[in-house]
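Please assemble the complex out of the two chains, which come individually in their own frames, going by the hints.
Going down the list, the protein sequences come from chains A and B.
Heads up: the first sequence begins at 1 in the working numbering, then just goes up one per residue.
Heads up: the second sequence begins at 1001 in the working numbering, then just goes up one per residue.
To be clear, the hints were calculated from the coordinates, so they are not data collected in a lab.
Some clues are possibly wrong.
[Unchecked claim] Under the rule of at most 25 Å between Cα atoms (straight-line distance), these lysine-lysine pairs were calculated in the BS3-like manner:
1) K1013/B to K113/A
2) K41/A to K1005/B
3) K1102/B to K33/A
4) K41/A to K1026/B
5) K33/A to K1397/B
6) K1223/B to K131/A
7) K1005/B to K5/A
8) K1309/B to K33/A
9) K1026/B to K113/A
10) K1063/B to K33/A
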Amino acid sequence: MKEFKGRVIFGGAFKGEAAVSHQGFNTLASFEKSALSSTCKDIIISDQNNPDLYGVHVTGKALCLPMTIGSTTGGMVIQTVASRGLAPAAWLFASDIDSLAASGIILSRVWNKVPLIAIDRLGVDFLVEVKTGDRIEIREDGTVLVG
Amino acid sequence: MYEPKMTLTDEEKGTLAGQEGETKAKMMECLVRYGDLFGAKRLLPVTHKQGHFVTSFGINMLKPVFPLMDDLIAAGLKCPEGFTVDPRPLDYANVKAGPLEKFVFDHFIYGQQAHYEEQLTKIGLSGKDAFTCTCYLREVGNTPKEGDILSWAESSAVVYANSVLGARCNRNSGILEMFGTILGKAPEFGFLTDEGRKAAWRILVKTTKRPEAQILGSAIGMKVLAEVPYVEGLDRYLKPLPDEDTIGYLKDFGAATASNGAVGLYHIAGLTPEAKRLGEALLVPEARTYLIDDAELERVYASYPLMWKHPHAKAHKCFIGCPHLTLKQLNDWTDKMTAGLRESGKKKLAVYSVFTAAPAVAEEFKKTPKYQEFLATGAHLSSICPLMYTNNPIAGKKPIMTTSNKLRTYSMSRYYKDDAALAILVGKERN
Chain A
1 MKEFKGRVIF
11 GGAFKGEAAV
21 SHQGFNTLAS
31 FEKSALSSTC
41 KDIIISDQNN
51 PDLYGVHVTG
61 KALCLPMTIG
71 STTGGMVIQT
81 VASRGLAPAA
91 WLFASDIDSL
101 AASGIILSRV
111 WNKVPLIAID
121 RLGVDFLVEV
131 KTGDRIEIRE
141 DGTVLVG
Chain B
1001 MYEPKMTLTD
1011 EEKGTLAGQE
1021 GETKAKMMEC
1031 LVRYGDLFGA
1041 KRLLPVTHKQ
1051 GHFVTSFGIN
1061 MLKPVFPLMD
1071 DLIAAGLKCP
1081 EGFTVDPRPL
1091 DYANVKAGPL
1101 EKFVFDHFIY
1111 GQQAHYEEQL
1121 TKIGLSGKDA
1131 FTCTCYLREV
1141 GNTPKEGDIL
1151 SWAESSAVVY
1161 ANSVLGARCN
1171 RNSGILEMFG
1181 TILGKAPEFG
1191 FLTDEGRKAA
1201 WRILVKTTKR
1211 PEAQILGSAI
1221 GMKVLAEVPY
1231 VEGLDRYLKP
1241 LPDEDTIGYL
1251 KDFGAATASN
1261 GAVGLYHIAG
1271 LTPEAKRLGE
1281 ALLVPEARTY
1291 LIDDAELERV
1301 YASYPLMWKH
1311 PHAKAHKCFI
1321 GCPHLTLKQL
1331 NDWTDKMTAG
1341 LRESGKKKLA
1351 VYSVFTAAPA
1361 VAEEFKKTPK
1371 YQEFLATGAH
1381 LSSICPLMYT
1391 NNPIAGKKPI
1401 MTTSNKLRTY
1411 SMSRYYKDDA
1421 ALAILVGKER
1431 N
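Isolated chain B (complex conformation) (with noise of 0.2 Å):
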């Protein structure tokens, strides 16, 4: 039996001896094996119950996946409270796939999604709509309050959660974060001490105009990797939260950080709560400075490779929404298209646009008018994951377009900014 180097209440010793069976002694010492590397001393009981699991997709190379869930589930466990996911893979009524697309998704790469649903399900899943990225957004309800503690995965979310919401998370593994919700417990060290919420980097924002989120994300994402920037100059661009237009801000932001580097919590001068509660008391005496400036966002902009096979090519698909977009920017992109196809003189987009939102948030997107004139401009409107449809050898081999960082890194996509995907879309320009 492991050897733990942190203290465990009987219980939890117990846990880990195999009194309450091996499938759930095995998860403990996943847990404990991963506290002790990084010191901690204990473990802490989850306040914020309901997860957020990353694993979404019933692909067939995850050959571990299916038997540990199965092992799970013959344990008889589950997530006390449930627990979210992120997105499907796929969306044949909203994102169009050719019978070939179909074929492979459905037999050979996306071959395991009905039975790791069903698997998902027997431990608890959250309900039909529980699959998205932003499972805290108000609509979803999946939201922590500053101070609780959390098990919870996916990158987006992690960053969100303890930078926007003042939640304590840290970056859990898949799998982990899974084992940590079922036995509402989480390894205390990182991001769940006060120590490790402190930054290593001051950000200094000197822009001439508000920064693209999607590019200063990824620029501090590259330049920081996994240490806790604390960025100055930023809020007099953004209104106080819980505005909805800086939550989407922030939420693209954060995804950048945690894709192109390795971000987990960031602090935003005047703006987020413990950057509003602590100011630069956040800051290590010996943090680094990074300057942020126009030509420095140019130079990380133009440094993304095009991967492409036909640089020219006109796009295939745009994807718009990784993560998944707010009831806001959904309003915010709608007026914009119509604006432009009437600048344009166009009726319909040039390019397939799918436009991805959380179920919940799609649902209340079309109770409202805005959903018929965001319809007419020939835009789709999917729960889709943007990523696990693109990142795949049949899809990936297509030109495909987005606004999103995130998207970019994992896939072929190409990136432009949104005032540049937009004049592409209603036919201002050619990609």
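Okay, chain A solo, but in the shape it has when bound (with noise of 0.2 Å):
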């Protein structure tokens, strides 16, 4: 088992599985197509450029990422998904969080109470190491399990 210490943006304990994109996670391209859906259950990724997450189910898993990109709508379809309860539980940043990510997450909390959990600057090491499928375990104090 590997461990690995980040920054705490918002702290929460999670044992569940990881989903990891080693390239920028584009959310809108890969929330879209599930959150269109009024009867989604489970977000299954649809960017089509993301060959690592492309048909993954992410929903209550430990999302694993450098950061997220794309459309300026981000971090409201962050929000969108979590007060859905469809998101991701727990965002994964190797390096710093991006200004998006962080406004979702933030979103989420403050207007509709749902708390995911963040943590960013777990090192690029990280990215190595994680695999889809691998079991995650957090701890509160940003302490990040895998394997």
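Quick look at the structure:
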């Protein structure tokens, strides 16, 4: 089991599965197809430009990523899927969190009382080590255990 | 109550503490938390007070947005100098839709459109024609000046305002940009600081001809993600600003950097305001280098996946103008289509083609004789958002052509270079 330590943006305890993007995670392109469905219960990533996650289920999982990219609807899209109970439960960033992901996670917490976990600065080795499907444990202090 | 890390004025502290009501306190908390995460020391006053918002669509899935807007309206909050907003998702008059499509759009996907536009009006929408992603164009008039502090969203507008106009705006998310515009505050970090505007990448353009803006922007966006590129070698292909051709090129280039990556600011050596003023001093000492030649652009172009269900299907529609076209681009496309049809011996375009532009730009275009030539080709002019039209389950299943890399990224649309698209539209080639 490998251990990583990052900056706690919003802490929490989590045990579950990893979904890993090695490239920038395009929030709108990834979530839009599932989110457009009013009956969606589990987001399936729809970004055709992301071979790591295209077709992968991510609801309730730990999304491991370098950062989010793309449309500035990104934060609002995160807020939307979070308020519908569809978002990844934890957002684990290898580098610094970006402005759009930060906005979405803040809006979810302040406006909709949805406590998404967010930890950044886990380091580039984190994304080398973690694989989609790995078991992930997150502790309140920002420790992330992989494997 | 949230304990801010940044220094706030007494007035800002009061707002955060709820002295101006609970809704305003929550808005301030979001803005302060946002700034704190990125090490902002304070909030700056927004100096270009007209906002630009990314959310123009009353899409049913945006469930938390409509009650949030109701909260703002109930609290009597408004943008002090109004705002423009991204284009509408529908325009049946100019973009045809079948009965089933209309039913699904009106009742299921965009069922909240009328209600949402009422909400936007109540918080200060700058008129019925304020719907465009190119708010900064002369004809529209929401044009910041160099050094202005903004609270905008819409990735293509933010990157244009920062890079071409020299204004200062972070890549704010939808909703947060609205809070900043209403409160008149923006946290001081990132592109609002001199340090945050420095380039981490030196891009060397060594192509044998002017690169396609959409592919060059895509290549750079995918390489640098959110970092700032300083592009050398491109100015030899572009006339100095404010040349209309250069404006159109940089608009499309920037949109591709922002959608294929997360670029919020670029510098073009010898061309954009800060690059002209500061030159290589904008580069950080440890800046990395990315060489772009013809082969690299072809490699990037070849990497785009084709998402059509039937790769050889005849195109159902073609969208040109994401972001919305400039007046010069409308004129140029008209000339090229007219000449192309003459050469091919055809009377009308072979594909139902929609050219999109801001309402104010479209009105200017309609006043010119060129508009009649445009109509004669069979083309359609609209102010719709091609992205919102195409990235839904109904329209998304159809084979749609585009010359926009942004539209390619967010939909199943197939990207064509300008010349390739033109050849298909005028019937010289089949897609």
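> Which hints from the list above does the structure break, by number from lowest to highest?
Replying inline: Numbers 2 and 4, in rising order.
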